[in-house]
Amino acid sequence: MKRLGPGLILALVAGFAFLYLPILALIAYSFNASRLVTVWGGFSTHWYGALVHNEPLLDAAWLSLRLACVSATLATALGTLAALALARHGRFRGRTLFSGMVLAPLVMPEVITGLSLLLLFVATDIERGFWTVTIAHATFSLGFACIVIQARLVGFDRSLEEAAQDLGATPLATFWTVTLPLIWPAVAAAWMLAFTLSLDDLVIASFTTGPGATTLPMRLYSAVRLGVSPEINAACTLMIGAVAVAVIAASLLLKRERMVSADK
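Using my numbering, the first residue of the sequence shown is number 1, and each one after it goes up by one.
There is no bait here: all hints are sound.
If you anchor each label on the Cβ, the simulated ranges turn out as follows:
#1 Arg256 to His46: 33 to 43 Å
#2 Ser116 to Gly42: 47 to 57 Å
#3 Ala50 to Pro185: 39 to 49 Å
Since the hints were derived computationally from the structure, they do not count as laboratory data.
None of the values given here were measured: they were computed from a predicted structure.
Cβ coordinates follow ideal geometry from the N, Cα and C atoms, glycine included.
The whole structure should be built from the sequences, with the hints applied where relevant.
Encoded structure:
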């Protein structure tokens with residue numbers, strides 16, 4: 001096994017430090033007893049208790065979770081259909097235009113996407129709120145979901161579908177009983193990616209939201225503009241912890257499934 005040189009090790013350490021030291025500092029200062037973020041006043045969990053009683057922040061978090069679940073589900077469903085069309089139907093007429101429309105949000109700046117959707121909602125006289133942000137996030141996440149699922153469909157063994165249809169299954173029944181269970185890991189990965197993109201988004205939500213539909217990133221950004229509080233650090237630490245737990249759980253489940261498959 002080839003050993004890493006000192007220069008490469010130093011570069012890796014510097015890279016990881018650049019990425020993770022700010023996160024570790026944020027977590028550490030969430031336990032700061034002082035109201036001043038840059039002044040350490042001793043260890044305390046006071047700000048986590050204060051966070052529980054911060055109703056505007058909790059309402060924004062609950063709204064963001066609901067919005068992320070709905071938009072991720074919508075984006076994954078549409079992304080699955082788009083991936084099936086692109087992976088199964090070859091060079092059909094309008095394929096280039098269809099593919100470009102689906103994948104455009106991947107390369108288009110979020111400011112342009114948000115402004116375009118805002119103009120659309122204004123032109124159609126749609127009241128902006130929860131559902132406009134949901135549609136905007138689903139539009140933005142659709143391309144990511146499509147790419148993930150399409151990559152799985154490219155290497156899919158179609159003989160299994162053909163065998164099911166030879167036995168009398170309809171195309172819809174074949175999809176539900178054969179195709180979907182086999183591509184389910186990609187569908188789940190696409191859903192989690194869309195969920196994360198929605199939960200993290202600030203720019204598009206700022207353009208398409210309305211009264212009473214303030215997401216958590218928008219609430220945090222508004223609070224930071226008035227000065228960073230250890231309470232905000234506590235909220236971010238809880239989000240980091242939730243993501244870490246989800247990633248570890250997914251890794252353990254995937255490892256367990258691989259071990260079960262290997263035993264069979």
